[in-house]
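J.: Here is how the chains run, residue by residue.
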Amino acid sequence: MQFIKGNHPARWMVPIIIIGLSALAFWQSTQFDRVPPILKRGMQPEDFPQIIIALIIFLAVLLLIKDTDERPEKITGKVWPSMALIIAFALVIEIDLFLGLGVFSFLLCLLWGERRVKALLLVGIVVPLIVFFFFDQVFEIRFPKGILTNLWYG
Amino acid sequence: MEAAFSGLLILADPYLLALILIATLGGVLVGALPGLNATTGVALLLPFTITMEPIPAIVILTTIYCAATFAGAITAILINTPGTSASATTCLDGYPMSQRGEAGRALGMAAVSSTIGGIISIVCLMLAAPLLARAAYHFAPPEYFALTVFGLSMLASIGNGSPIKNIISGAFGVLLATVGIDMLTSIERFTFDVNELSDGISFVPVMIGIFGISELLVQASRLDVVRERISMKAIKLPSRADYAKVWKTILRSSGIGTFIGILPAEGATVASMIGYNEAKRWSKTPEEFGKGAIEGIAGSEAANNAATGGAMVPTLALGIPGSPTAAVILAGMMVHGLRPGPTLFTEQSDFVFAIFWSMMVVNLLFFVIGLYGAKLFARVTLVPMQILWPMVFTFSIVGAYALEQSMADVWVALIFGLIGFAMRRYGYSVVPMAIGLILGGMLETRLGQSMVMLDEQWWLMATRPLTLFFLVLTVLALFGPYMWKKITAKPAKYNSIG
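Chains E and W, in that order, give the protein sequences.
Residue numbers for the first sequence, in the numbering used here: 15 to 168.
Residue numbers for the second sequence, in the numbering used here: 5 to 502.
Don't read these hints as lab results, they were simulated from the structure.
Please note: incorrect hints may appear among the correct ones.
Straight-line distance between alpha carbons at most 25 Å, and here's what the computed DSS-like set of lysine-lysine pairs gives [unchecked claim]:
(1) E:K80 - W:K490
(2) W:K288 - W:K252
(3) W:K489 - E:K80
(4) W:K252 - W:K295
(5) W:K249 - W:K288
(6) W:K295 - W:K379
Please build the complete structure, drawing on both the sequences and the hints.
T.: If you want it as structure tokens, here you go:
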């Protein structure tokens with residue numbers, strides 16, 4: 015009997031990663047402070063997470079043995095560049111949230127094939143501006159300070 | 005009865021009615037746009053309700069739920085792309101009807117059967133939910149714990165994926181719910197000295213990440229899909245002959261949809277599949293299915309809309325979501341300080357009935373919109389993806405930030421967007437994770453309370469009849485399909501030997 019069915023790496027790598035991360039989480043749970051018996055209210059803080067982690071590890075092992083999933087489809091299209099844009103967005107928002115939103119939207123729109131300047135300006139400038147003022151004025155949400163939002167907040 | 009009348013009075017407020025109308029239009033828009041569905045729509049629009057009172061806020065969310073579920077049929081019929089997964093079976097007959105110039109008849113049937121299915125399920129909701137809540141009022145922590153475990157076990161059968169992967173995803177959600185200060189002992193868990201994690205991981209940014217941002221990445225691989233809208237002739241209501249042919253199908257599918265919706269975690273998608281299959285099984289002309297059978301549309305649409313009302317039964321009465329979208333609505337109720345369950349029915353029964361009535365109004369509204377506005381909404385479906393998704397991203401990020409006005413939530417949404425995409429890519433549905441996150445806190449609290457109540461002898465749970473009943477149901481939910489497969493496989497094995 016073949017122990018691990020299927021031979022594409024994701025077939026066994028994903029369960030192994032799950033088991034590894036779960037083992038780390040289990041170890042982390044052993045570091046939680048404990049409370050005296052009178053305060054524990056039925057369970058110590060680590061008890062419940064450990065039950066859940068043990069369940070995840072058990073199921074991941076089962077998956078390793080039983081799963082017969084086929085190889086996942088190759089990532090095609092603009093997925094990787096879009097993901098890179100999301101990561102770049104995460105860095106730009108440290109400077110200004112709306113600068114990040116405008117630049118991200120503009121570049122994503124461009125990346126996905128839009129070439130009309132009006133459409134690019136709509137998603138890159140007009141929509142973020144409308145959203146900013148809508149949330150600022152209607153919901154009274156105060157956005158984090160940044161080089162662009164400071165122009166409004168002063 | 006008094007509560008039902010009070011709920012109706014609440015709904016008589018013109019402001020609330022205007023909100024329902026706007027939310028219905030918004031919900032139809034969300035459902036009609038390929039890639040967006042009711043769950044994503046509710047998750048994205050939840051932050052818009054933060055400054056509202058609980059009643060209008062939850063009414064808006066349920067309205068979007070009902071309207072988006074219906075609107076998936078518009079794109080399914082006109083462009084062969086289900087706006088929501090619950091409308092996938094509607095494509096099978098809706099699109100062939102459109103191709104032969106009967107788009108109006110198909111949309112008309114979708115609107116009529118959706119409305120009837122929705123209304124039947126809401127009547128059931130009005131009758132069943134208070135009874136269920138009354139029964140649950142006497143539940144002690146062990147019963148609640150076992151019921152929640154049962155609800156989580158139903159996650160195994162969500163979607164077409166592996167049950168093991170679904171349970172891992174759900175358990176991951178439950179584990180995420182343990183992050184932060186433990187409510188029972190006040191000890192910090194998995195916070196890694198990050199202050200923002202002390203209060204735990206907020207539901208809403210996680211939902212926005214796994215449903216909104218991960219979907220953006222999924223759509224990035226589908227940019228080459230060409231969508232063509234079929235020109236629609238004047239909208240025409242189904243004829244008397246059509247009604248004669250489908251009324252039994254509509255009633256049957258409404259019953260199926262309501263029942264499936266009531267089951268924890270099972271939603272409109274499963275309901276529509278079963279509704280469609282049963283319509284075909286009972287049809288006098290099953291060979292027409294898949295080629296433009298009007299019964300197919302009725303079977304699918306009545307069932308998926310009936311599931312919306314059904315799904316709200318356990319959501320409101322027990323605090324156990326009846327569908328993925330109901331899970332997001334449940335999260336919304338918690339954000340607004342409401343605690344769904346039996347006490348909601350005793351303390352805020354007028355609020356509960358206001359929700360019921362609003363769902364009734366939505367069903368009538370989308371009947372009109374479905375018939376007379378479908379042409380307009382069909383045009384919306386052709387909004388280019390490269391314009392739609394940057395806008396969705398902007399709303400996702402601002403929505404994630406707005407709830408707590410915290411940049412940490414933006415990070416949570418982004419991180420869970422990437423996690424959600426990775427999970428979906430490797431066959432792990434994100435829905436169980438969302439439901440696990442919502443129910444995790446309750447599960448642990450009930451377990452802790454049960455341990456105290458039973459003097460830490462957890463095995464005594466099995467001596468409580470109702471607890472045992474739910475635990476047996478859990479075992480059946482987890483192993484029933486497997487056991488059934490084994491049982492039904494036996495004769496084939498003998499045959500092959502013989």
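J.: Look at each hint and say if it fits the structure.
T.: Taking the hints in turn, this is what the structure says about them:
1. E:K80 - W:K490: holds (16 Å)
2. W:K288 - W:K252: holds (12 Å)
3. W:K489 - E:K80: Distance of about 16 Å is within 25 Å: holds.
4. W:K252 - W:K295: This hinted pair holds, its Cα atoms lying about 20 Å apart.
5. W:K249 - W:K288: holds (10 Å)
6. W:K295 - W:K379: Given that 25 Å is the threshold and the Cα spacing comes to 23 Å, the pair holds.
Hint compliance for this structure: no hint is broken.
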